[in-house]
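Those protein sequence lines, which keep their order, are chains A and B.
If you count the first sequence from 1, position 161 lands on 161 in my numbering, and the numbers rise without skipping.
If you count the second sequence from 1, position 201 lands on 201 in my numbering, and the numbers rise without skipping.
Everything labelled a hint here was simulated from the structure, so no lab data went into it.
There may be inaccurate statements among the hints.
[What the hints assert, rightly or not] Cut-off 25 angstroms, straight-line C-alpha distance, at most; resulting in silico cross-link-like pairs (PhoX-like, lysine-lysine):
| no. | chain 1 | residue 1 | chain 2 | residue 2 |
| --- | --- | --- | --- | --- |
| 1 | B | Lys168 | A | Lys65 |
| 2 | B | Lys227 | A | Lys110 |
| 3 | B | Lys414 | A | Lys111 |
| 4 | A | Lys51 | B | Lys414 |
| 5 | B | Lys414 | A | Lys44 |
| 6 | A | Lys35 | A | Lys236 |
| 7 | B | Lys142 | A | Lys111 |
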Amino acid sequence: MNRKFVFAFSLLALTPSAFALSGKEIMTRNEDARKVNEFEARSKLITGNTKDSSTKSKEFSFWRKVQPDGIHNSTFTRFHAPAEVRNEGILIVENGSGKNDVLLYLPAYKKIRRVESQQQSGSFMGSVFSYSDIATPHVDEYQYSVLKEENCPTKEAAAIKCHVVEALPANDDVKERTGYTKSVAWVRQDNFMVVKGEYYNLEGTLFKRLEASEIKLVDPKGRKWLSHLLFIENLKTGDFTRLEFSKVKVNGGIADAIFTQQNLQKVN
Amino acid sequence: MMRFFVLSAVCLLLLQLDDAFSKTRARHIPLGNGNTNLSGRIYTDHYLFLQGANEGTLEQSSLSGWLDFDTHSETGLGLRAIGQFDAFYRSISDSLNPSFKASLREGYVSFLGTGVEIKIGQQIIPWGKSDGVNPTDYFTAKDYTLLNPDDEVRRMGALAANLSFTPKQGTSPVTFQVVVQANYPQTRLLIPEGSIPPGIAFQRYPDSPIPFQSSSFEFGGRILFQKPDFDFSLSAFSGFTHFPQYIVDPGTLQVRPITPAETAVGGDASFNIDAFVVRLESALHMPENGRDTDPLAGLVQPWHWDSVVGVERPIGDDFRAQFQFLYRWYVFYRSPTIATPNPTLNQLILGVANANALILNYQRQSNPGATFRLGYASEQSDFSADVFLIGYFSQGQDYLVRPQLGYTPVTNLKLTLGADIYGGDSTRPLGALRDRTHGFFEAKYLF
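Excised from the complex, chain A in its bound form (with noise of 0.2 angstroms):
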């Protein structure tokens, strides 16, 4: 057997585990598809259940930029609609110790209130996010495994591959902020951008579904992508959240100062 030979077989052996990406590998580069340096929008949160057809809606507009650390986001919500939470604002700044910082702005009593690490696992705004939902996972904060690869399972997405990764938390502070003790995300391979999520509870049971199609390419520069359409489902209650992003505007120069508490109490 000559050496040629033997070293292009060893290249064919190689190739599945050599190029097989990890599930950490994966999700870094979801992580860093995601990653919009400053993102603008205007939102949409509607809720309903399963069993009833009446839903609500909330309007908000929303900032997020990332930190200087490269890493973590800074967001800043304003809702403006319906009247009952007019010019309410909430601050979440993610940091690097996994609990995140949360606060509420209830201009009815001109009062900032701060959020409890334990209630970020709670309701964001009465829909099935939650607080830890709004902010975003980041890479470091789990151990990921891959469980397979099949067609993505959504209808959007239903030609492409999928790569199918399990996540469990890295500490309890982390599990405690998420509310989650095990996630599977189903990661399009083509531009890394996640298009189905399972999510289960700290009794170990699937409790909630998500969906994410509108992906669109918002920043071509530097590739990119953002889910404009977030469908989230609460298998236990019936209970559902459309969470819709118009007017996207990225990496417009965003001011820091937005993201403060002297901010959140700024409102005519």
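Chain B: place on chain A using the hints.
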């Protein structure tokens, strides 16, 4: 007046330093939904005596409305006005006849720039982190004769200039705030029947608002340090107590309310410890004639140190619990000294002094108390339930318990059913109001 000019000069200097009127910096400050908004609320609430001589009769019944207009430009300049009307079928002030009043709740011009916030006009400026009991809430007053349990409804504002400055284009954790307030508001307390000696001319509530004059100006400032995980502030105030107390005019023997001048210093803080939010607030109030060597010692409220330590946490997904320990210490505490040659006058002064001590809760030097709140809200916020308890203990306990049930049948409409139950020692501030125990119903629509 000199103080006003000095403070104004400081503020202008700070503004120039930051060049904060820059349009480009103001551009990204999110101010709301569009340039002009019109919103408001209509609510009707009804209170029925549940015990005492008036049991089963209406205590208060009203229909109220607020119209809130605000507009702002891209440069950060804005205008806000909240008009309010209250049509009373029955009220605490007049339990027999309907009455109507209309007022400007807030009305101010503003500049909201990056790092700078200026508001000038009629406004409500609530300070303090704790819930319901705020020792550093120097500038506002509350109308307790409006029985609505919502602090927002009871709170009263006044004509003021309110300036805040945050260095580094608004990104510094440090903020400086200066407030100058004219014709300050005065709290209207629920005064227990019989607390003022009978048979004398008695002006129950002060004339409000007080006349606009330079001697009635109030000044306050605070430095805030606000990080996402921790914040605190230190504050100072020079003005007047907003809680009226009574004195006897020796010439006419009329009893009338006064609001003594006072200075105060204080601070507050909040932070998270695991599942708990902790809030601390404390202030030393130093009213005029509040020391043991002052001419009205024992007749008006003495110097006092008010403190609140509170913790709050969620219980499961739908419940929240909050506990606050309250402590008020009267630094200079003494019984009234009455030294007029007229025994009748002495008797009257003593009665009024006791009434002040009852109404303003300074019957003893040390006043520990507590609040407890347990709240429930369904995930969609359609149903809510809340029990609030405030009580004072040691040497005679008294308390107020307020259970409430809320239901939101459609978006923006909330129906509330509840009760205010006063009890305990009838010689103490809350126990003396036991005949005001009532049940209530409110329907509120926001638009």
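Hint check:
With a CA separation close to 18 angstroms, the supplied pair Lys168/B and Lys65/A stays within the 25 angstroms bound. A hinted pair counts as satisfied when its Cα atoms are at most 25 angstroms apart, and Lys227/B with Lys110/A qualifies at roughly 18 angstroms. Straight-line distance between C-alpha atoms of Lys414/B and Lys111/A comes to about 22 angstroms, which keeps the hinted pair within the 25 angstroms bound. For the proposed pair Lys51/A and Lys414/B, the alpha carbon gap of about 23 angstroms is at most 25 angstroms, so the pair holds.
Of the pairs offered as hints, the one joining Lys414/B and Lys44/A holds, with about 23 angstroms between alpha carbons and a cut-off of 25 angstroms not exceeded. Between Lys35/A and Lys236/A the CA atoms are separated by roughly 31 angstroms; this puts the pair beyond 25 angstroms, and the hint is violated. For the hint pairing Lys142/B with Lys111/A, the CA-to-CA distance comes to about 17 angstroms; that is within 25 angstroms, so the pair holds.
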